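**Student:** Turn these sequences into a full structure, and let the hints steer you where they fit.
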Amino acid sequence: MDEPTSALDMHRQVQVLDFMRALARKREVIVFIAIHDLNQALRFADQVLVIANGTTQGSGPSDEVITEQMLRNVYQVEARIEKCSRGQRHILIDGML
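Residue 35 in this note's numbering sits at position 35 of the sequence shown; the count goes up by one each step and never skips.
Heads up, some of the hints might be wrong.
[As the list claims (entries may be wrong)] In the SDA-like style, the derived pairs of lysine to any residue whose C-alpha atoms are separated by at most 20 Å in a straight line are:
(1) K83 - S62
(2) K26 - V14
(3) K26 - N39
(4) K83 - K26
(5) K83 - Q69
(6) K26 - R43
(7) K26 - L8
(8) K83 - L97
No lab work stands behind these hints, which were simulated from the structure alone. Since this is a predicted model, take the numbers as computed values, not measurements.
**Tutor:** Here's what the structure looks like:
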C-alpha cells in the first residue's frame with residue numbers, strides 16, 4: 001500500500017493502522033506499506049526499509065533501524081527518540097543540521 005493514511009485525520013490513521021496490523025497477524029500475512037511518517041513506522045511496523053537517493057540506508061526491526069544517527073544521516077535533522085509514559089518511542093525533532 002502506498003501512503004494509505006495520508007489523507008486521514010489522526011484518529012482514522014491510528015484506526016486504519018491498528019486494523020491492518022491486527023488483520024495481518026490474524027491471517028498470518030505480510031503487509032507492505034510505503035509511509036513517510038516515521039512515528040507511525042515506530043509504532044506500527046515490525047520491520048522497516050529506509051531508502052534515500054535510490055539506495056537502502058537500513059533495514060530490519062523498526063526500533064533498530066530508526067535511530068538518531070539514521071535521522072541525522074538520511075534526513076539531516078537533529079532529533080531525539082524518547083519513550084512516552086506508555087513505553088512507545090517517538091521522534092522529537094530539535095532542529096536541522
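**Student:** Each hint needs a verdict: does it hold in this structure or not?
**Tutor:** For each hint, the structure was consulted:
1. Between K83 and S62 the alpha-carbon distance is near 14 Å, which keeps this suggested pair within the 20 Å criterion.
2. A threshold of 20 Å between alpha carbons decides the hint, and for K26 with V14 the separation of about 18 Å falls inside it, so the pair holds.
3. Restraint check: the Cα-Cα separation between K26 and N39 comes to about 24 Å, which exceeds 20 Å; the hinted pair is violated.
4. The hinted pair formed by K83 and K26 fails the criterion: a straight-line CA distance of about 28 Å is larger than 20 Å.
5. For the suggested pair K83 and Q69, the alpha carbons sit about 17 Å apart, so the restraint of at most 20 Å is met.
6. Restraint check for K26 and R43: satisfied, since their Cα atoms lie roughly 18 Å apart, inside the 20 Å limit.
7. Between K26 and L8 the alpha-carbon distance is near 24 Å, which puts this suggested pair outside the 20 Å criterion.
8. Of the supplied pair hints, the one linking K83 and L97 is violated, its CA atoms being roughly 23 Å apart against a limit of 20 Å.
The structure fails to meet hints 3, 4, 7 and 8 from the earlier list, while all remaining hints are met.
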